[in-house]
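Colleague: Below are the chains, spelled out letter by letter.
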Amino acid sequence: MEPAPFDLAAQQLVELLELVSSFPNEDAAAQGAVERAAQVLEAEIAAVVLDGHVVHSVGFAAGAIPYDQLVDIAHRRRDILDVPRLGKCMTAVAELNGEARGHLVLARLGDDGFSAAEWNLLRGMARILDLSLQMLRTMDSLRQRQRLMEHLYGIQRSISRRMPLQEVLETVVYGVKELLGDEIVGLWLRDPDQPDTLLLVSNVGLDEEMSQQLWRVPVHQAGAAGLAISTDDLATVDGYAGAGAGVRTLTGGCLERTLAAPVRENAKVTGSLFTAACSPGSGYTEIDREILLAFAENVSLALTDAKTLSDMNEAFHDSLTGLASRALFLDRLTDGLVAAEREDHPMALLFLDLDRFKQVNDELGHAAGDALLMGVAQRIQAGLRVEDLAARFGGDEFAVMLAAVSEHQAVSIAQRIIAAVQRPYAIAGQEVSVGASIGVALCGPGEQGAEALMAQADSAMYFAKRNGRGRCEVFEPGMALAHPARPAQADLRRALDEIVHRS
Amino acid sequence: MGDGRASADGARWMAVGRSADPDARVAGEQAARLALTGPDAKLLIVFGSHTYDPVALAEGIAAAAPGVPVIGCSTRGEIAPDGPAESTVVVTAIGGTGFVVATADEDGLTGRQREAGAAVARCAQEVPDLPHKVLVLLTDGYTRSQENILRGAYSIVGAAVPLFGGAAAADAPEHCYQINGARVLRNGVVAAMIGSAAPIGIGISHGWRTLGEAMVVTRSDQARVYTLDREPALDKFLRQLDAPAEVYQDPAEFRRWMLTRPLGVQRRSGVAVKNISHDPDFEGRSIGGGTEIVQGALVWATEGDSASVLDAVEVACQDAIDGLGEAEPIGLLTLSCMGCKAVLGTEGVGEETERIAKRADGIPFAGFHTLGEIARTRGVEGFHNQTLVVLALS
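For the protein sequence lines, the chains are A and B, in the order given.
Numbering follows my numbering, in which position 259 of the first sequence is assigned residue number 259; successive positions increment by one, without gaps.
Numbering follows my numbering, in which position 276 of the second sequence is assigned residue number 276; successive positions increment by one, without gaps.
Simulated from the structure, these hints should not be mistaken for laboratory data.
Since the model is a prediction, treat every value here as computed from it, not as a measurement.
What you were told as hints is all true, and nothing was included just to trick you.
Here are some of the chain A residues that sit facing chain B, going by a computed Cβ distance under 7 angstroms:
id	residue
1	Ala38
2	Gln39
3	Glu42
4	Gly59
5	Phe60
6	Ala61
7	Ala62
From the three backbone atoms N, C-alpha and C, an ideal C-beta is built for every residue, glycine too.
When you get a sec, could you build the whole thing from the sequences and use the hints?
Modeller: Pasting the structure below:
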C-alpha cells in the first residue's frame, strides 16, 4: 500500500522502445508493440486502428475481431468493448501521430477503468511506437538508435529510482541537447498560482545569470513554448514569432528557430519542452520532432509520478495529525509481523485511547478538540524511535507499532507516552488536560496476524480504562474472553467515559 | 486409488488413478482403469514418469480406454491424493455428457513456438460454444521461449478462453516426452480444449518475497541477462542477496542458493518469478533461465522458504475453487514446480500434497512438478516459474 519505490511507467516505455526497435520491419514492430502494450497494462485486448481499419490486434479469437466496435472506440464513439464470451471491457485510446495517423486501443476486462497514470503510459507507448516506426524508416545508423536508447535509459533510471524531480528534468534537458544538437534546450512549467505565467524550471545553454533574472514569462509571450501549450501540439517558430521581450533578452537575441512540445501532468497540459537553434540550418526533421515528443512524454511521466507520490502520501496519512492512516498502519503492521518472524525478534502494538477527550471537545468546541489531537499526536511521535510507527485511527484513538522490543521496553514506552500526553496543553487560551489509557499486545515469532494483534491490544486497552484510566495494561488471554466483540467496544468506551465523567 | 467425484446432476465426473508398476504398458493400463470410474469418458490426462517407455505407456492406456482422447507428458515427480511419488504414472479421467473435448499436437517446437502454439489451439474450433472452456497445454520443458507457445495459442483462442498446463519434466531432454493418443512426441506440445457447461476455476500463487532495491535489466538477450544496473548481472544479483563467497564461483553452490531465490520481474499486478538457478555463466558473469527477460525490465532479488511455498500452495488451490463460484468442485489439476520441489525437500513435498488434499477436501486431484507452469486468466501473460497453478473443474 506504500507508494512503490520506483516508477514502472518509465521503465515500461524504455522496455517497449527496446522491443520495437529490435524488429526488422514496421509491421512486426507494430504487432510487437500491440502485444507489449497489452502485457504491461495487463489488458486482455490491444489493437492498432489506422484509417478506419484494424491492422493489428491481440486478444480476440481467430476470425472474431469486432472491427466496427474497435473503430468506434478509436474515434471515441463508444468507450466499452463487448467481447463475446469474455464480457464488457473498459477501454483506453491513444493517438498515433506518425505518417499513418491512427490509434492504439487497449481494453481490459472488468469495471475498473484505466487510471490517469495508465492513460499517460498509453500515450507514452503510442509516442514510442511512432518514434520506433520512424526510426525504422529513417534512422539507419545503429549508433544513432543506441544514443537515443542510452538517454532514455538515463531518464528512466532517474524516474524509476524516484530521484528528485529537478534532477530528472535536467536529465531530460541534457538528453535533448545532445541528441538534437541545438544550442538551447529548456523546460517551462505553468506557475501553479498563476497558470498564465510560465516558470523556467530547467535549461541548458542559457546564460546562467540571465536565466535567474528572467525565469517567469506569460504563456502568450513564450514563443514556440507558449504555442505548444495553447494548441496542445508540437509547435515550430522561426526567430521570435510569438515571443515577448523577456524571451528575446533571455536568449540574447540569437534564436533562429524553436521546436516545442507540450508536457502534461495527469493528462492536463502543464508546460512545454523546447529546443532552440541559434545558427541557420535546414529546420527540424520528422525524427527530431518524434525525439522531442518522446522526451516530453518522459517529462509528463515524471511530473505525473511526482504528483501521484504526493497524492499517495496524502491518502495514507491522517490529514489532521499527519500520522499514518489506519490503512497505512495495517499494511506496515502486516509487513512488520513478517519481518519480526523472519528476524526472530518480538514486536509490540500499543492501542491508545484518550481519557476525557469528549469533555474537552464538548466544552471547548471541535476546533479546540482538533488542536488537542494535534498536540497529542506530536507528543506520541516525539517519544518514538525512527523504526516505530504511530497512527490515528479516527476520533481519539491512536495506535503505535514498536519494532524489536521486549515486554519491559514496550511497557516503559507506553508509560512515557501516558506521562507525555497527560502534561497540560495550552489551547484557545486555556490550559487543557487529557489522559491516555494504553493496551499493549506483544507478538513473538509465528504467533498471530495483524488483526489478532489489534484485537488483543484493544482488549488490553479496555482493561486499562476499566482499571482506572491513565495506565497501561499488557494483554493476557483472559482479557479476550472477558471482553465483548470489537464493533461494540468504541461505543462501550465512550459510555464508560461518560459515566466516569458524570461521576 | 481410483476414487472419483461427479457433479450433482451427474453430467460431469473426474477421477484419478495411479500405478507404480515398473512395466510401462501395465502401469498405463492399470492407472487408466482405476481412473475410469464413470460413463462416457471424454479425456485422459497422463502424467507419467520419464523412466517409462512412452510408446508402451500410451499402448497400455489405449488398451484400457480404447477411443478415448489422451494427452500427457513426462514427469519427474507425480502428485496424487495418495501422496507424491516418482517412477509412477497418474492418469486423470474426465467424462460425462457435460464435457466436450478436442485434442491436438505439434512437434518440432524449437524455432516455431508461436506457430505451434497457434496450431494446437485450433482444436478449439472443434469444440462447440459451451459457456466455459479451458485450453490445457503440455509442452516440452526443455524448449526455450515457452511464452511464445502461449502467445500463439492466445492469438487463436483469444482472451475468452483461459490457458492452463505445464512444461514436461525429465532427468534429461532426451527422456522428455508428450503424448497425444497413440502419438509420442519429443520437443512437442499437446493440447486439449475442454468445454463444459459448468464453471472452471484457475488459481495461481507463489511464495517469494522481494528483497532490497529493484534493479534494471540493462542488457539481455532472450533468456540471458548480461547486466543489471550496468554491472555484470551475476555479481550484482548475488551482492543484492548478500550471497556467501562460494556462490560466486561454484556452480553447485550457485544452484543450491538460487533455488530458493528466484529473480522477481515487476508487473503491474505484482512480481512474477523466474528461475535462474540452472544456467549461470561464470566466465561472462551473466545469469539465465528458461524464459525471456526483456531488456529494460525492472527486477528484484527474492527469497522464500518451504513455509512460504506451502502457504502459496493452499492459496492457489483455494483461488481455483473460489473461481467456481457457487458450483461444487469435482476435481483439481495441481501443477507445482521442480524448483519448488527442490526447496521443499522430501518432507516438504509430502506436506505439499497434504496441503492440496486439505483444500481439495475429498475431491480427486492430480499433478506433477513441472519445468514451468502455464496459467493465463487475465491479461496476455501466462507462463510462470516456481509457482503453483491449479485448475478446478465443477
